[in-house]
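Residues per chain are reported as follows:
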Amino acid sequence: MMDLLLRCALLALGLWLFARALRGQADLYFSGPMAYISAAVLLVFVCLALFAPEISPQNPYDLAQLNILDGRLAPGSSSLDDAMVYHLGTDDQGRDILSGILYGLRVSLTVSLLTTLLAMTIGVLVGMYAAWKGGKAEAFLMRLVDLQLSFPSILVALMLMASFGRGVDKVVVALVIVQWAYYARTVRGTALAETSKDYIAAARCLGFSDARILLRHLLPNCVPPLLVISTIQVANTIVLESSLSFLGVGVPITNPSLGLLISNGYGYMLSGQYWMSIYPGLALLAIVAAINLVGDRLRDTINPRLKR
Amino acid sequence: MSVLEVQELQTHFSTRNGVVKAVDGVSFSLAEGQVLGLVGESGSGKSVTGFSILRLVDVPGRIVGGRILFRGLDLAAMSQAEMRAIRGNRIAMIFQDPLMTLNPVLRIDTQMVEAVQAHHRVSKKAALARAADALTRVGIPSALERLSAYPHQFSGGMRQRVAIAIALLNEPDLIVADEPTTALDVTIQSQILSEVQGLTRESGTALIWITHDLAVVAIDAVLRQPRHPYTNGLLGSIPGNSRRGQALQQIPGMAPNMAQLPAGCAFAPRCAFSSEQCRSQTPDAQALSLTRSLRCHHPLPEGVSP
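Residue numbers (the working numbering), protein chains in the order written: chain A, 1 to 308; chain B, 1 to 306.
Where hints are given, some of them may not hold.
What the hints assert, rightly or not - Straight-line Cα separation of at most 35 Å, DSBU-like style, residue types lysine-lysine; simulated pairs:
1) Lys-197(A) to Lys-125(B)
2) Lys-124(B) to Lys-197(A)
3) Lys-197(A) to Lys-136(A)
4) Lys-136(A) to Lys-170(A)
5) Lys-133(A) to Lys-197(A)
6) Lys-21(B) to Lys-133(A)
7) Lys-21(B) to Lys-136(A)
8) Lys-21(B) to Lys-197(A)
9) Lys-133(A) to Lys-124(B)
10) Lys-133(A) to Lys-170(A)
Hints were generated in silico from the structure; no laboratory data involved.
Assemble the whole structure, with the sequences as input and the hints as a guide.
Next up, the structure:
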């Protein structure tokens, strides 16, 4: 019960953040059919992930509910005991693909949201510190960022995971290491531009402490570009995590994400049993596309530089 | 005792192209309730003088010499923490562009309460009352309602009033106003000007008014009977002073590159009266009266009007 309430609160928080980001520019955001569709698709997926235990026909983690004799059934076939219909088929363990997708969505979204939050926090702190401090500290931190960004992220993540071993927490750590630099670079740029504005000088003239100016005056003004790149980065992280899981170094097999589901069914593709990989793949495609489209619309709405 | 006494203030910027002497030996003093106009072309160091007083010159700028005595204490020698206690509390500043000086994402009341609480241990309620009072004083109607507005909900003139209200919040001894009317409508300019002067007169606050617009500086002996050829040139270039059909006078040439100031008088290359002495020897300040001094080898004769 507590758990359900918590999830509802999470959903409400997400919606509030979205509304807050638009802040009176909702009509500008919803200016075409794609905006409605992508927002709706995203909302549906988030709800599916949040309320997977309530919605899904089967708990794919509960071995007692699985029947190995139901393995690799085609979409639409019913189970051996006629208790349920597998609308999207089953995998080789007799697991309902639909339930697997719903639970996989949870893992994918949790990993990407956690990663984005952590990477953003680190990146914002580093970027703002660099912009504020200037000089050698800035040069050092920004060269570190350059170094980080000069390697392909999938390669670095792969190497990290190879040394960490599998695990949801380890995926998050590896992805944070790969992604904090994006935020650091963006925030430093915005912070530099904002610091030169008069309201920061005015705040200094009022005798505020540096910490106060940084956190209360500078940070809120750096948020709009952050919002935009963080939405895009959530989608990127989902893809990255799926790639890692597909390559066998991501989340553990007991806690499959969408990428791992695709990987699990991949071996049966050539024998015509497409559903084990294709449906999780479609779900992945849909959610990544939806997040990217929402992010694009958000950028067009919020970014003052694009306003004519 | 004077509120502020600046003695031989020197603020230099060390850049790649050499040292830029933005402020080089400026001296003035200011008594309680007195208004000082700081006038000059763009890039002549007016704003840097203002920022130097608050010790807010950004790197590569540095105060390299002189003293800034504020009620007898030398600001130039103070620690950062001591300086913070003075900024916004004893000395306040008003900026040029009211569209930029208020934080766009914070409500007016948040910004004003913050400004009060940074220097005084008062409750939020008391701080709010003080903020509303300050807004009323600068002529913002229904101050209590306007407190909960965001900066973008105000017009430019109103925003400058809010900025002035914030400057007045802690009843400072000195306000440095850096071209506060330049970005405003001409009609609003004179309103703001007279209101600020009225408010400072009421409270005995000293005011430094930085501007490049001679029309906003109260007529003073310096302007009525200019002795320096540069001042005369500035006055001659005000459109209102010339007759119809007559070409507007101007000062020939451009303000010198601050990194490579000519030897001697900085104005010599553009001055009609310049001599060999001007090009080799920097003129010393000579006092004309108690409140007036001059740096020129060939001052205009007394009693000449522009």
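message: Does Lys-197(A) sit within 35 Å of Lys-21(B), going by the straight-line distance between their CA atoms?
response: Answer holds: Lys-21(B) to Lys-197(A) is near 24 Å, not above 35 Å.
- request: Verify the proposed pairing of Lys-21(B) with Lys-133(A), using a straight-line Cα cut of 35 Å.
  value: holds, 25 Å
- prompt: Under the criterion that the straight-line Cα-Cα distance not exceed 35 Å, is the pair Lys-21(B), Lys-136(A) satisfied?
  reply: holds, 26 Å
message: Check whether the Cα positions of Lys-133(A) and Lys-197(A) lie no farther apart than 35 Å.
response: Given that 35 Å is the threshold and the Cα spacing comes to 16 Å, the pair holds.
message: For Lys-133(A) and Lys-170(A), compute the direct alpha-carbon distance and say whether it is at most 35 Å.
response: holds, 32 Å
query: Given the hint that Lys-124(B) pairs with Lys-197(A), does the C-alpha gap stay at or below 35 Å?
result: Distance ~28 Å between Lys-124(B) and Lys-197(A) Cα, so the pair holds.
query: Hey, Lys-197(A) versus Lys-125(B), does the alpha-carbon distance stay inside 35 Å?
result: Distance of about 30 Å is within 35 Å: holds.
field: Satisfaction of hint between Lys-124(B) and Lys-133(A), Cα-Cα up to 35 Å
entry: holds, 32 Å
field: Restraint status (C-alpha distance of Lys-136(A) to Lys-170(A) at most 35 Å)
entry: holds, 32 Å
message: Next pair to validate is Lys-197(A) with Lys-136(A); report whether the Cα-Cα distance is within 35 Å.
response: holds, 23 Å
In this structure, every one of the numbered hints holds.
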